[in-house]
Amino acid sequence: MARLRIIYESGEPERVIEFNPADAPFSHDGQPGSILDVMLANHVHLEHACGGNCACTTCHVVVKSGMDKLSESEEAEDDLLDKAPGLTPTSRLGCQAVVESDDAEIVIVIPRFTINQVSEQH
Amino acid sequence: MSEPSNSGKSAPAQRATCIATIERIFNHNAETRSLFLRLTGAIDFNFVPGQFISLELPLANESIVRPYSIASSPEDGQPLEICLNLVPGGVGSHYLFGLHVGDSVSFTGPFGRFTLDRSPELETIFIADTTAIAPIRPMIRRALADREHPPVRLHHAAQIADGLLYRSEFEVAAANDPRFSFEPALLGSNAESSAAGAFLLDQVNRRYVAGDDDRKRQFYVCGVGKMVFELRDLLRSAGYERRAVQYERW
Numbered sequence: 001m002a003r004l005r006i007i008y009e010s011g012e013p014e015r016v017i018e019f020n021p022a023d024a025p026f027s028h029d030g031q032p033g034s035i036l037d038v039m040l041a042n043h044v045h046l047e048h049a050c051g052g053n054c055a056c057t058t059c060h061v062v063v064k065s066g067m068d069k070l071s072e073s074e075e076a077e078d079d080l081l082d083k084a085p086g087l088t089p090t091s092r093l094g095c096q097a098v099v100e101s102d103d104a105e106i107v108i109v110i111p112r113f114t115i116n117q118v119s120e121q122h
Numbered sequence: 001m002s003e004p005s006n007s008g009k010s011a012p013a014q015r016a017t018c019i020a021t022i023e024r025i026f027n028h029n030a031e032t033r034s035l036f037l038r039l040t041g042a043i044d045f046n047f048v049p050g051q052f053i054s055l056e057l058p059l060a061n062e063s064i065v066r067p068y069s070i071a072s073s074p075e076d077g078q079p080l081e082i083c084l085n086l087v088p089g090g091v092g093s094h095y096l097f098g099l100h101v102g103d104s105v106s107f108t109g110p111f112g113r114f115t116l117d118r119s120p121e122l123e124t125i126f127i128a129d130t131t132a133i134a135p136i137r138p139m140i141r142r143a144l145a146d147r148e149h150p151p152v153r154l155h156h157a158a159q160i161a162d163g164l165l166y167r168s169e170f171e172v173a174a175a176n177d178p179r180f181s182f183e184p185a186l187l188g189s190n191a192e193s194s195a196a197g198a199f200l201l202d203q204v205n206r207r208y209v210a211g212d213d214d215r216k217r218q219f220y221v222c223g224v225g226k227m228v229f230e231l232r233d234l235l236r237s238a239g240y241e242r243r244a245v246q247y248e249r250w
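Line order of the protein sequences matches chains A and D. So in my numbering, the last one in the first sequence is 122, and the numbering has no gaps at all. So in my numbering, the last one in the second sequence is 250, and the numbering has no gaps at all.
One chain only, chain A, in its complex shape (with noise of 0.2 Å):
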């Protein structure tokens, strides 16, 4: 079984998610297997304005361990990124790092500004 653990900059109660990569999707969002998918599945939540499209960053993700295990970025994601708020060499949009390794121990953060961020702005 893989394992997300979710912490949360804001200091809300981390969550810790078991899942098998194999049984993807999850959910009805993100790329299947992505932690958007996981997190919606069990009830915890990630913004995705933008439906999981990689249309937007309100999924912005900063993975704190196991990026080895996640799919590698592509293109779209990057530029995306690149717009972000509070970049960092580690961030990622959670509706397109998908978990790849059933035996994958993945820690991301939810940055406090994903979380309170009213709007995106230009």
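Some hints could be false.
20 Å max Cα-Cα, derived EDC-like pairs, lysine to aspartate or glutamate [to be verified]: (1) A:Lys-83 <-> D:Glu-241; (2) D:Lys-226 <-> A:Asp-78; (3) D:Lys-226 <-> A:Asp-79; (4) A:Lys-64 <-> A:Glu-18; (5) A:Lys-64 <-> A:Glu-9; (6) D:Lys-226 <-> A:Glu-72; (7) A:Lys-69 <-> A:Glu-105.
Listed next, with one range per pair, are the computed distances between beta-carbon atoms [what the hints assert, rightly or not]: (8) D:Ser-194 <-> A:Lys-64: 36 to 42 Å; (9) A:Glu-14 <-> D:Ser-189: 52 to 58 Å; (10) D:Arg-179 <-> A:Glu-9: 46 to 52 Å; (11) D:Ala-191 <-> A:Asp-102: 41 to 47 Å.
Please keep in mind that the hints were generated in silico from the structure rather than gathered at the bench. Ideal Cβ placement from N, Cα and C applies to all residues, glycine included.
Got chain A sorted already, so can you dock chain D onto it with the hints?
Same frame as chain A, now just chain D:
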């Protein structure tokens, strides 16, 4: 099943939700319509041309979030116009097509960074297929607002005549503005759904890649499917600056 609404136990502070009433419905064709939304209450709703709103749709067992580009301009004020297709098997679009004038919808936003908020400084090419014209429309209005704007061109492709949304509006704009040219392409109802993308790809290649060595242009591409990425790759690999090729794929 999941509940991607505001009810998640771990969900911290949420975005403000807007409530709007459907004031008018306009059917562009059998499968495409515009909804005109007037916000409830004295809300000052600001957005930039190209942005979208995220509708929260209460389906039978869950809520889902679906984005819709704003097809009207900030200068228009309210009602906001969103434009949508009836997607086969698409629960969101079927829900919205079932709504009537007077019904309410809730949404968050605006969102999106595929935007143009001022008249451009470079020759600007807009490329869209079918309903992907929605975010482009207010961008073009903004681009043309300054009468001294550089050349602006719109390539819009669709299979059927009614799929060339806002055609008469663009034709009038082109007739009145020598720096704006509008090039609609009608591919025919028998064309495959991917035909618009293939046509635009070929046209862009001939005009802006093979056609000359000028690389001082910027592009705004919006569409459905891989065509958008193919256009991006074509233009960037041809020498256009990465940031000069903006795109949004649905």
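Each hint tested on the structure:
{"no.": "1", "hint": "A:Lys-83 <-> D:Glu-241", "in the structure": "holds, 16 Å"}
{"no.": "2", "hint": "D:Lys-226 <-> A:Asp-78", "in the structure": "holds, 17 Å"}
{"no.": "3", "hint": "D:Lys-226 <-> A:Asp-79", "in the structure": "holds, 16 Å"}
{"no.": "4", "hint": "A:Lys-64 <-> A:Glu-18", "in the structure": "holds, 17 Å"}
{"no.": "5", "hint": "A:Lys-64 <-> A:Glu-9", "in the structure": "holds, 12 Å"}
{"no.": "6", "hint": "D:Lys-226 <-> A:Glu-72", "in the structure": "holds, 18 Å"}
{"no.": "7", "hint": "A:Lys-69 <-> A:Glu-105", "in the structure": "holds, 8 Å"}
{"no.": "8", "hint": "D:Ser-194 <-> A:Lys-64: 36 to 42 Å", "in the structure": "holds, 41 Å"}
{"no.": "9", "hint": "A:Glu-14 <-> D:Ser-189: 52 to 58 Å", "in the structure": "holds, 54 Å"}
{"no.": "10", "hint": "D:Arg-179 <-> A:Glu-9: 46 to 52 Å", "in the structure": "holds, 48 Å"}
{"no.": "11", "hint": "D:Ala-191 <-> A:Asp-102: 41 to 47 Å", "in the structure": "holds, 44 Å"}
Hint compliance for this structure: no hint is broken.
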